[in-house]
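Please put together the full structure from these sequences, using the hints given.
Listed in order, the protein sequences are those of chains H and D.
Note that the first sequence covers residues 8 to 131 in this note's numbering.
Note that the second sequence covers residues 936 to 1210 in this note's numbering.
Treat each hint with caution, since some may be false.
As the list claims (entries may be wrong) - Computed footprint of chain D on chain H; a stretch qualifies when at least three of its residues, placed anywhere within it, have a C-beta under 8 Å from a C-beta of chain D: (1) 23-33; (2) 37-48; (3) 91-97; (4) 100-110.
Claimed, not checked - Here are the simulated DSS-like cross-link-like pairs (lysine-lysine), alpha carbons at most 27 Å apart as the crow flies: (5) Lys-1158(D) x Lys-1145(D); (6) Lys-957(D) x Lys-944(D); (7) Lys-120(H) x Lys-1163(D); (8) Lys-1197(D) x Lys-1210(D); (9) Lys-1001(D) x Lys-120(H); (10) Lys-120(H) x Lys-1145(D); (11) Lys-12(H) x Lys-120(H); (12) Lys-1001(D) x Lys-1011(D); (13) Lys-1164(D) x Lys-1147(D).
By construction, these hints were calculated from the structure, which means they are not laboratory data.
Everything numeric in this text was worked out from a predicted model, so none of it was measured.
Idealized CB from N, CA, C, for every residue including glycine.
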Amino acid sequence: MSGHKILVVEDSAIMRQLLVMSLRRMPGVTVLEASDGLEALKLIANENLSLVFSDVNMPGLDGLKLVRMLRADHRTRNIPIVMVTTEGSAEDRDRAMALGATEYITKPVQAAKVVDTATRLLGL
Amino acid sequence: MSQKEDQGKLTQRADEFLQIFKKGAEFTQELMRENEKLRFQLVQMEEQNRLASCAAQALQEVENLKSQVAELEQEKMEIMQRIARVEAENIDFANRYVEIEGENNSLANLYIATYQLHSTLDFREVLQIISEIIINLIGGEEFALFLLDENTASLQAMVGEGVEIDQLPVCPVGEGTLGTVASTGESFYATTLDDVSSAYDAPLACIPLKIKDRVIGVLAVYKLFLQKKRFADIDYELFTLLAGHAATAIFASKLYSESERKLTTIQGFLDLLTK
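Pasting the structure below:
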């Protein structure tokens, strides 16, 4: 259970802190943070990531565009992406999943749910 | 004659002897048969004796086994009772784990909310953080934060989400749900969350923002996100936290902004005087 890097992409400092705090409880996991899609892309280019948690609505590059870009790039095509969003409708979920999101979690989130999702997707 | 008589006597005696000998032989044979019978009976009795001894041993063995079975049954009962106790403990631990996980989650939310509320002295940022807490931690889709104007004794909307702040009317203290919450300092929660109203004075929850007993504003939540069906326990704790910490954060940031403004003005005067 070591060597996994998880990126949290979230513009809300509160939500970002909540996700980071939850994920840092997992042993052997390094958590990186980005406040929008563009900052996330810069990090992704330099890091070997195992998992991405991303908000949908963000300034600059939003979460859905980020998913599309990661899926189009052969280097990041297989990184699991978990969307964390306030949008709870089935259409929003379907749209995100169709673009290539791996999981879809609606806010408000529970720390246990975040950890469970990460554990499952990382195969820990 | 006498010779004949003697011969006859001898013959007779020889016959008698033969008779006696025959009888002796017969008797001997009879004895041998009897002996054989007795020996057979002896063998039978020895066998019976051996069997009886074996039966006694077997009975003793059965008694021993019965005793062992009883002991094992007792042990089994004890083990079953211990298993039942351990299972009950496991269930208790599992329940406590879930409970502690829930408490951890609640504490994390409360910690983050408090941390963020007091992370800035910028008034606009404080309002933004309050909005983020309601959106991200409580799941409010439509809400507004009203601050008390002590000069006019009315509540004025300062920030909100999903509602047009400019179109929200000024609410006099003591009137309607919001005004009553501001005057009494008591939180209001709608009895049902099913009937969402667009009326600004019919919130699902209305929380007074208080510094001790002084109300400086109210927070009104009108609608929750689609996936949020009801308030959870942590939401009430967050509302309680907001009632106190949001109020102090707003008050402190307003004071800081005013002092900064005054400081800038004084600094301007000083610059004018010294230049």
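Mind listing which of the numbered hints don't hold for this structure, in increasing order? Per hint list: 2, 4, 9, 10 and 13 violated.
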